[in-house]
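*Asks:* With these hints in hand, go ahead and build the complete structure from the sequences.
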Amino acid sequence: MNAWLRVCGLLAIGSAAVAFGGGFANGPQAHPLAWQADAWLSRPWTLWTAAWVHPSAGSLLGNLLAVGALAVLGAWLRLERAAAAALVIAWPLSMLGLLLWPEVLAYAGLGAPIHAAAMVVWAQLAFRPDAKPLSFALFAGMALKLLAEQAWLQPVGFEPAWGVNVVVGAHLTGAAAGMACGVVAVLAAGFRK
Numbered sequence: 000m001n002a003w004l005r006v007c008g009l010l011a012i013g014s015a016a017v018a019f020g021g022g023f024a025n026g027p028q029a030h031p032l033a034w035q036a037d038a039w040l041s042r043p044w045t046l047w048t049a050a051w052v053h054p055s056a057g058s059l060l061g062n063l064l065a066v067g068a069l070a071v072l073g074a075w076l077r078l079e080r081a082a083a084a085a086l087v088i089a090w091p092l093s094m095l096g097l098l099l100w101p102e103v104l105a106y107a108g109l110g111a112p113i114h115a116a117a118m119v120v121w122a123q124l125a126f127r128p129d130a131k132p133l134s135f136a137l138f139a140g141m142a143l144k145l146l147a148e149q150a151w152l153q154p155v156g157f158e159p160a161w162g163v164n165v166v167v168g169a170h171l172t173g174a175a176a177g178m179a180c181g182v183v184a185v186l187a188a189g190f191r192k
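Residue numbers in the sequence shown follow numbering that gives the first Met the number 0, run continuously in steps of one, and reach 192 at the last position.
Bear in mind the hints are in silico, worked out from the structure with no lab data behind them. Hints should not be assumed to be uniformly reliable.
Computed beta-carbon distance windows for the label pairs [stated by the list, open to error]: (1) A29 <-> P159: 17 to 27 Å; (2) D129 <-> L40: 42 to 52 Å; (3) L76 <-> D37: 33 to 43 Å.
Keep in mind that this is a model prediction, so the values were computed, not measured. Backbone N, C-alpha and C fix where the C-beta goes; we use that ideal spot for every residue, glycine too.
*Replies:* So this is what it looks like as structure tokens:
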């Protein structure tokens with residue numbers, strides 16, 4: 000199994016294990032594995048474990064489907080170890096980005112690493128001459144989604160379909176961290192060749 004599939008598997012299996020082992024969070028402030036703006040320095044593991052905590056079965060299922068799609072896409076594209084490393088680094092960086100918004104007190108869910116993973120995939124495609132159309136489509140889709148969410152104006156909003164507050168700021172920080180780490184990974188791999 001390649002490294003990309005292992006990281007996607009860690010996201011998915013960790014989420015399922017937390018949900019089935021302890022149920023769903025009654026708000027991220029209530030779960031010991033969730034990231035909290037005022038406590039992450041004393042609980043740094045939450046930069047990773049927050050991704051595994053979900054408020055509902057619906058949010059878990061939706062996020063697992065997205066991780067599965069990204070895992071399949073990465074396997075189809077034969078993403079190498081550098082892409083997996085970029086995602087592992089972008090994962091906690093996306094949590095740290097939430098500190099930009101004082102109103103984001105806590106976070107849980109796969110939204111940040113999913114958006115990071117999508118942009119790591121984009122970076123891999125952007126530097127492949129034969130993949131320019133797919134790269135453009137992925138970038139345009141992500142840009143439209145982030146523009147529609149407008150996290151810079153309101154990083155947290157109620158999502159009626161899920162029945163919970165969604166930290167769309169995490170989508171933005173995940174995408175930014177994934178893009179940065181993904182580009183660095185591609186450039187670093189190019190320098191090594």
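*Asks:* What hints, given by number in increasing order, does this structure fail?
*Replies:* Every hint satisfied by this model.
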